[in-house]
Structure formats: structure tokens, C-alpha cells
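K.L.:
Residue numbers (the working numbering), protein chains in the order written: chain W, 908 to 1069; chain U, 908 to 1069; chain S, 6 to 90; chain G, 6 to 90.
Honestly, the hints are just simulated from the structure, not real lab data. As the structure is a prediction and not an experimental result, all values here were calculated from the model. For each residue, glycine too, the CB sits at the ideal point set by N, CA and C. Any given hint might turn out to be false.
With the C-beta cut set under 8 Å, the calculated list includes, among others, these residues of chain S facing chain U [what the hints assert, rightly or not]:
{"#": "1", "residue": "F13"}
{"#": "2", "residue": "W42"}
{"#": "3", "residue": "H66"}
{"#": "4", "residue": "H68"}
{"#": "5", "residue": "P71"}
{"#": "6", "residue": "A73"}
Here are the simulated lysine-lysine pairs, DSS-like style, with alpha carbons at most 25 Å apart [to be verified]:
{"#": "7", "chain 1": "S", "residue 1": "K9", "chain 2": "U", "residue 2": "K1047"}
{"#": "8", "chain 1": "W", "residue 1": "K1047", "chain 2": "G", "residue 2": "K70"}
{"#": "9", "chain 1": "G", "residue 1": "K70", "chain 2": "G", "residue 2": "K9"}
{"#": "10", "chain 1": "S", "residue 1": "K22", "chain 2": "S", "residue 2": "K44"}
{"#": "11", "chain 1": "W", "residue 1": "K992", "chain 2": "W", "residue 2": "K1036"}
{"#": "12", "chain 1": "U", "residue 1": "K1036", "chain 2": "U", "residue 2": "K992"}
{"#": "13", "chain 1": "U", "residue 1": "K992", "chain 2": "S", "residue 2": "K22"}
{"#": "14", "chain 1": "U", "residue 1": "K1036", "chain 2": "U", "residue 2": "K1047"}
{"#": "15", "chain 1": "S", "residue 1": "K22", "chain 2": "S", "residue 2": "K70"}
{"#": "16", "chain 1": "G", "residue 1": "K70", "chain 2": "W", "residue 2": "K992"}
{"#": "17", "chain 1": "S", "residue 1": "K9", "chain 2": "S", "residue 2": "K44"}
{"#": "18", "chain 1": "S", "residue 1": "K22", "chain 2": "S", "residue 2": "K9"}
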Amino acid sequence: MIPSVRIQAEDFDIASEIAALSEGRADSGAVVTFTGLCRDEGGRLQALELEHYPGMAEAEIGRVVDEARGRWPLTGLTVIHRYGKIRPGQNIVLVVTASAHRRAAFEAAEFLMDYLKTRAPFWKREHLKDGTAGGWVEAKDEDDTALERWSRPDHPSRESSG
Amino acid sequence: MIPSVRIQAEDFDIASEIAALSEGRADSGAVVTFTGLCRDEGGRLQALELEHYPGMAEAEIGRVVDEARGRWPLTGLTVIHRYGKIRPGQNIVLVVTASAHRRAAFEAAEFLMDYLKTRAPFWKREHLKDGTAGGWVEAKDEDDTALERWSRPDHPSRESSG
Amino acid sequence: MPLKLVYFAWVRERVGKTEETVEVPAGTATVADLVRWLKTRGEEYEYAFENEGVVRAAIDHTHVKPDASLDGAREIAFFPPMTGG
Amino acid sequence: MPLKLVYFAWVRERVGKTEETVEVPAGTATVADLVRWLKTRGEEYEYAFENEGVVRAAIDHTHVKPDASLDGAREIAFFPPMTGG
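Make a model of the complete structure from these sequences and hints.
P.N.:
Written out as C-alpha cells, the structure reads:
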């Protein structure tokens, strides 16, 4: 299994990403996708602008991907993170995980998202509909809390169910 | 939000199911899909045959869907379960959940799958490549264990992170 | 009281029927009573229900336990533990 | 030792530069030393690093803590807490 990590300005197509993972193999019983989208924030948001650190973004996501592969028996793994200007309703990030059993696919996808949120070098700034450039989005403490649960000794990181 | 529950012999298209959920709204920040696929079981499986209880399948999945909507603030929810003969690599079940935040979308999708596995009236029988009709697939104890965690008082059933 | 019974998966195969309508004897108050009575009707029923506690039941499309009352029931289903998803 | 420094998001805006190459004084051993020295270079740096502990750092594309050694480092990045995903 060769994981795919892409940092790109272009949109992605979930169906073809799933198809690429499943191509020529029938040992996956479970495929989980997570798509992060730009919300309109009650109508006041015109767009999000995503700045990133080229080179480090790929490297850091690659490290998180390696960690996930070590923890769960995955049969497929794809991460795509977009940068640039993204409008409400559009895609920002995609994680696809495949495994023989559902628990591994779910947990690996959640793990990847928790790590991407707090470790991948991307920064969001808001552009508002009233023409003002809104501020940089602030990091949330709850994202750090979400991350911590993966280092708890009681966390079930092995597949447990089909 | 009107959840969609379908029991059908035909295959489904994940991309159009996601698109249908997002149609005309930009308040979802997270969309999770779970696809359950027929594994080839190391090459010995020719097909799975899924029997179901018409009427009860819709009713039971509807009850699980209502429970999920009560637990998590979902902006979209779709469940499709196929019946009939399904070959290795083909789709069996699809769950799509959308929410403002990722934790709710992930948890609701896992909850729905845990409940579908043990409560939706479907039964799988194997057809083997050597021509023999294999047996009925046995239910797994670990699926019951997976279910129990949703009734633990310490389970985080509220959204906690964006 | 006439009751429609439906069977699925290996319960259906063992009973040898997809469905049937039966007239249950007076005093058959619960699902467990019904199973007890069915097992007196022949080997196929004895075989289908040989391991008490394995076969699940539903009344009118809702899962029930063996002590569930048959009052007002129209359709009782018997089936093995589910393996969908 | 010449070091390439890169800045992102509001750290970049406050410093007023995307990147620069600096010659750091002898004795600048860690990321914390580097930040201390940068803050002596002008108001824009003081502003960017005003809340110690908020700005994060990476050495050669890897997250590091303030006490990380600059030995062998080629590119040091400074940025706010990340908000991707």
C-alpha cells in the first residue's frame, strides 16, 4: 500500500480518490472519507484564504501518515489538503482510509484529522462579505484536547471489529 | 434536515450522495462517509448474498437514524443498505453524515455503523468460488462490544471540536 | 388468535418456510411461550430453535426479548443474530 | 553562522517579510536564543514575538520546541498555531 499525500490549490474528486484506493484489490472491507469544507459562518464569510508552508506541509503530513500506518492495518490511505482561496461550500481537506475492518478505518481517519488540525503548517484567514479582510482564524484549545486522547494509554488503537 | 434511508438492490454513487447532502447549504464543515465493501476473503469468495427483512429494515434503520439525530447536531444524514448478491470489491452499505464540526460527523457515522451491524435485519451468506454455497456469516461478539460503548455514561456524544 | 410468522436466513431454512399463519393455543402470552409451542409442532421447529437464546425475535418490525407480550401483535419474525453492515 | 528564516501568517505580517537570511551572533545556541536576538532587531520583531510561547518554530521542516539546538540548521520557520484541516 502506497499512501498518497498531496498539497494542491485545485479541488479534488472524492469518488475518484476512493476508486484509486480500491483499484485492483478486494481486501478492503471498509472505506472512510472525511471531507473538511468551508462554512459560510452564517452568511458573513466571502472566502477563506489558506496559507501553507511548502515542503514542510508535505513532510509533516507524511510523518502523520507514517504514524497512522504503524498504528492501524490500513489497505489504503490518501490525504489531500488544498491551499489558496476557498469559498463557502467548497472542499478544504480530504482524508480517505481503507482497511479490512471498520474500526481501523474510522480511527485512522479521526487520528489523521486531529493531527492535521494541529500539526500541519496551514493557516486560515477570513475574507468577509462586507469587503473587510477578516482576521486570522484562531487555533482552538479543543483541537489540542482532541489530539491528546491519541496518547492516552487506554486508547484503543488496534482494530477490534469488522 | 431530512435524513434519507434507502434499502435497495442497486449500487450507490458516493459522490452524488455527498452532493445531495450539501445541495444549497454551506453550514456543514465536515462530511464523513463510511462505505462497507464485500471482501474477497483471500480469493475464496465468489459473492455474498444479503437477505433482509423488508419493512423492518427501513423501520429499524429509521429508529437508529432518529437516535443519531438526537445525539449529534447533524446537518445531513444518509444511509443506504444493499441486498441481493454482491461480489468482492462491490459496495454493501453507505453512511454519510454531515455536521458543522468533525467530531459529530465522525461519531455519528461510527454509531450508525455499530448499530446497523447488530440491529438492522440483514443476513449474509457466502458463495464460494469452488461452487459450494458457503454458510451463513456468523455474528461477531466484538460487534456487540462495539455497540455497548455507546451506552457508557462517559462516552462523549456531544460535538467537541471543529 | 391468528398470527403471521415470518422466518429469515438459517431459521427460515431450518423451518422450511418463509412465512405461515398459525392459530396459537390459549395461554400463549409471550414470545417465549410461542417458541415453546412451535417446538412441539415438529422436528424442523425443534432444529430451528434448538439453541434457546440464539434466535432473535421481532414483533411488528421491532426487536423484542423473549418475555415480550404477544398482545396486539400481527407479525412475529424469527431470525439469527444480524450480520448486515 | 548564516541562517535562513521564514515567516508565515500573522508572524510574517508583523515582521513584514516572507523570509530573510541572517548572520546570528556567536552564542546563539537554541531557538529561544534566536528569538531573543531577533527581538533586539526592531519593533516589528518585538511585536511578532511579543507573547512568548505563542509563536511556533520549525527547523528544516520539523516542529521544534524553544530549547531545540540550532546546530546544523539551514531553515528556521516561525508561525502562529496552525489552523489547517
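K.L.:
Take the hints in turn and mark each one as holding or not.
P.N.:
Evaluated hints:
no.: 1; hint: F13; verdict: holds, 6 Å
no.: 2; hint: W42; verdict: violated, 22 Å
no.: 3; hint: H66; verdict: holds, 4 Å
no.: 4; hint: H68; verdict: holds, 7 Å
no.: 5; hint: P71; verdict: violated, 17 Å
no.: 6; hint: A73; verdict: violated, 15 Å
no.: 7; hint: S:K9 to U:K1047; verdict: violated, 30 Å
no.: 8; hint: W:K1047 to G:K70; verdict: holds, 20 Å
no.: 9; hint: G:K70 to G:K9; verdict: holds, 18 Å
no.: 10; hint: S:K22 to S:K44; verdict: holds, 15 Å
no.: 11; hint: W:K992 to W:K1036; verdict: holds, 14 Å
no.: 12; hint: U:K1036 to U:K992; verdict: holds, 14 Å
no.: 13; hint: U:K992 to S:K22; verdict: holds, 21 Å
no.: 14; hint: U:K1036 to U:K1047; verdict: holds, 24 Å
no.: 15; hint: S:K22 to S:K70; verdict: holds, 23 Å
no.: 16; hint: G:K70 to W:K992; verdict: violated, 31 Å
no.: 17; hint: S:K9 to S:K44; verdict: holds, 16 Å
no.: 18; hint: S:K22 to S:K9; verdict: holds, 12 Å
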